[in-house]
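Trainee: One-letter residues, chain by chain:
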Amino acid sequence: MATHFPSLAPESESKTSPAWLQPLLMLAPAGIWLVLMLVIPTLLIFQLSLVPGIRPGQVVNPSGLDNYFRIFQPDYWPVLLRSLSFSLGTTFFCLLLGFPVAYWIALMVPKRWQNLVLLAFVLPLWTSSLLRSYAWITILRPTGLLNSALTSLGLPPLDILNREPAVLIGMTYSLLPYMVLILYASLEKLDRRLLEAAADLGATPRQAFWKITVPQSLTGIAAGGLLVFITCMGDFVNPEVLGGASSMTIARLVYNQFLGATQNWGFGSALSMLLILIVSIAIALLLKYGDRSGAGGV
Amino acid sequence: MNSFRFRPTFPISWQALFSLLIFGFMYLPILVLTIYSFNDSRYSTVWKGFTWKWYQSLLQDSRILTALTNSLIVAVVAVAIAAVIGTLMAVGLAKYHFFGKRVYQGVAYLPLIIPDIAIAVATLVFLAAVAIPLSGGLIHLSLGTIIAAHVVFCLAYIALVVSTRLTDLDPHLEEAALDLGATPAQALLQVLLPELMPAIVAGCLLAFVLSLDDFLIASFTAGGGAATLPMEIFSRIRTGVKPDINALSVILILSSGFLFALAEYLRYRSEKKRFE
Numbered sequence: 001m002a003t004h005f006p007s008l009a010p011e012s013e014s015k016t017s018p019a020w021l022q023p024l025l026m027l028a029p030a031g032i033w034l035v036l037m038l039v040i041p042t043l044l045i046f047q048l049s050l051v052p053g054i055r056p057g058q059v060v061n062p063s064g065l066d067n068y069f070r071i072f073q074p075d076y077w078p079v080l081l082r083s084l085s086f087s088l089g090t091t092f093f094c095l096l097l098g099f100p101v102a103y104w105i106a107l108m109v110p111k112r113w114q115n116l117v118l119l120a121f122v123l124p125l126w127t128s129s130l131l132r133s134y135a136w137i138t139i140l141r142p143t144g145l146l147n148s149a150l151t152s153l154g155l156p157p158l159d160i161l162n163r164e165p166a167v168l169i170g171m172t173y174s175l176l177p178y179m180v181l182i183l184y185a186s187l188e189k190l191d192r193r194l195l196e197a198a199a200d201l202g203a204t205p206r207q208a209f210w211k212i213t214v215p216q217s218l219t220g221i222a223a224g225g226l227l228v229f230i231t232c233m234g235d236f237v238n239p240e241v242l243g244g245a246s247s248m249t250i251a252r253l254v255y256n257q258f259l260g261a262t263q264n265w266g267f268g269s270a271l272s273m274l275l276i277l278i279v280s281i282a283i284a285l286l287l288k289y290g291d292r293s294g295a296g297g298v
Numbered sequence: 299m300n301s302f303r304f305r306p307t308f309p310i311s312w313q314a315l316f317s318l319l320i321f322g323f324m325y326l327p328i329l330v331l332t333i334y335s336f337n338d339s340r341y342s343t344v345w346k347g348f349t350w351k352w353y354q355s356l357l358q359d360s361r362i363l364t365a366l367t368n369s370l371i372v373a374v375v376a377v378a379i380a381a382v383i384g385t386l387m388a389v390g391l392a393k394y395h396f397f398g399k400r401v402y403q404g405v406a407y408l409p410l411i412i413p414d415i416a417i418a419v420a421t422l423v424f425l426a427a428v429a430i431p432l433s434g435g436l437i438h439l440s441l442g443t444i445i446a447a448h449v450v451f452c453l454a455y456i457a458l459v460v461s462t463r464l465t466d467l468d469p470h471l472e473e474a475a476l477d478l479g480a481t482p483a484q485a486l487l488q489v490l491l492p493e494l495m496p497a498i499v500a501g502c503l504l505a506f507v508l509s510l511d512d513f514l515i516a517s518f519t520a521g522g523g524a525a526t527l528p529m530e531i532f533s534r535i536r537t538g539v540k541p542d543i544n545a546l547s548v549i550l551i552l553s554s555g556f557l558f559a560l561a562e563y564l565r566y567r568s569e570k571k572r573f574e
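Quick mapping for you: the protein sequence lines, in order, are chains A and B. Sequential numbering from 1 applies to the first sequence in our numbering. Sequential numbering from 299 applies to the second sequence in our numbering.
Check before you lean on any hint, since a few could be wrong.
These stretches of chain A come out as covered by chain B in the derived footprint (C-beta under 8 Å, 3 or more residues) [stated by the list, open to error]:
#1 38-45
#2 118-126
#3 250-256
Note that these hints are calculated values from the structure, not bench results. C-beta atoms are modelled at their ideal positions from N, C-alpha and C, and glycine is treated no differently.
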């Protein structure tokens with residue numbers, strides 16, 4: 001009878017015998033690519049970071065942690081502190097500006113308009129980040145739009161281009177949409193019955209906000225804050241385009257060690273490893289303290 | 299219905315006004331670029347009348363056009379490769395349990411969190427120290443190396459979007475196909491793939507935009523060879539403010555707005571179909 005289905009036998013055979021073949025076919029291509037282009041490269045910069053003062057093609061005896069000690073010499077303290085303060089400042093401003101917007105979209109805009117409003121808000125993300133930074137030059141430079149507006153109001157002009165405030169504005173501008181997206185996702189899940197219950201029990205809107213809305217959106221606040229923080233730590237474009245010569249950050253320093261005039265691959269690799277370390281610590285902190293609210297799937 | 303009980307019944311709240319202000323903040327730079335791209339003056343603060351000349355000079359600028367072509371080649375090829383191996387990876391990770399799965403997963407999603415500059419540096423060091431010597435100089439820093447580097451992050455984004463969709467899918471659908479005599483390959487291609495298509499397309503669009511926007515990884519992996527559009531823009535921004543860059547921004551903003559609308563339309567249509 002089996003001859004009625006001649007095709008079935010070889011097929012069921014091919015289904016059973018190579019149980020390892022299908023997973024391998026699916027996972028190996030991406031796996032090989034990742035090992036070649038991500039894992040080996042990261043191990044290599046770790047190795048290179050232990051080699052002092054190397055330039056392309058130069059052979060020097062490896063002697064350990066010199067590059068790492070160099071980062072923490074007083075010359076580079078301002079760079080580390082500036083990178084940290086840009087990131088923390090941007091996280092603060094994104095939260096300050098983003099929370100009311102996310103709150104408005106999630107809780108006060110009618111449901112069927114929410115997606116559209118949210119899309120309109122994140123649309124600028126789809127444009128080139130370089131060009132968005134560049135646009136701020138036009139606004140912030142000494143004869144730019146901001147100062148024209150200020151002087152026409154009889155106010156003194158501001159000289160902020162090529163200084164820290166310009167970088168903060170640029171970073172906040174680039175990352176605000178991400179912050180709003182994440183906060184929206186967490187506020188949208190807010191249990192409104194709790195707010196109503198609070199109101200019934202006599203809580204003022206302010207009390208309800210601090211005792212219910214904020215605690216329930218803490219995971220979103222932490223996730224959004226983390227994303228903004230780590231993106232700013234590695235941001236090259238905003239400090240470079242808007243910060244001028246005085247706003248050296250870790251990312252700019254790294255760039256200079258490889259593509260700029262300084263050319264010290266070992267030191268640049270150590271700085272990259274430091275960036276990866278800072279990002280990993282930030283994520284570890286989030287996983288440790290953010291886990292309670294049930295975001296354990298990461 | 300959707301108004302808050304404890305909120306006063308004013309139709310306009312301070313949150314709405316504040317949000318409007320922030321919307322203005324988001325669109326101000328784009329608006330400024332657009333207005334100045336039509337300004338006849340080189341020194342853009344003063345309005346000297348309407349002109350198309352910056353657009354004309356842009357369309358005759360062969361360096362910009364070459365850079366744009368390079369960027370498009372990189373994005374299309376990298377996204378195409380990443381779509382295939384990223385989808386396979388997402389499906390494989392959802393289906394199979396194996397030793398080291400968590401490590402594999404961790405590495406795959408690493409590009410979402412590691413700063414671009416670190417990935418860029420690592421790739422450059424790898425190419426200079428291993429890939430180029432091993433290939434006997436066959437590998438050059440050029441479009442090919444940019445593509446290889448872009449696949450890594452495109453892969454992560456596409457796999458992320460696809461795996462989100464996979465968790466919403468009915469797992470019995472594929473089993474049913476297998477029970478009815480489909481080969482695993484048939485079940486994958488004819489049952490699972492159509493279900494995943496909206497997510498794959500969405501992931502591809504996201505990866506495409508990110509690839510077009512990437513400046514750091516491309517600069518580190520391009521060597522002295524071909525420049526992509528962000529690299530060209532960067533070198534022009536450095537040499538000073540030029541009105542034709544305003545024109546370029548407007549063209550790019552309009553085309554990405556169009557892409558975005560297209561992506562949303564596709565998503566909307568597929569969702570509508572799903573609930574029919």
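Trainee: Work down the list of hints and note, for each, if the structure agrees.
Mentor: Hint check results:
no.: 1; hint: 38-45; in the structure: holds (count 7)
no.: 2; hint: 118-126; in the structure: holds (count 6)
no.: 3; hint: 250-256; in the structure: holds (count 3)
The structure shown violates none of the earlier numbered hints.
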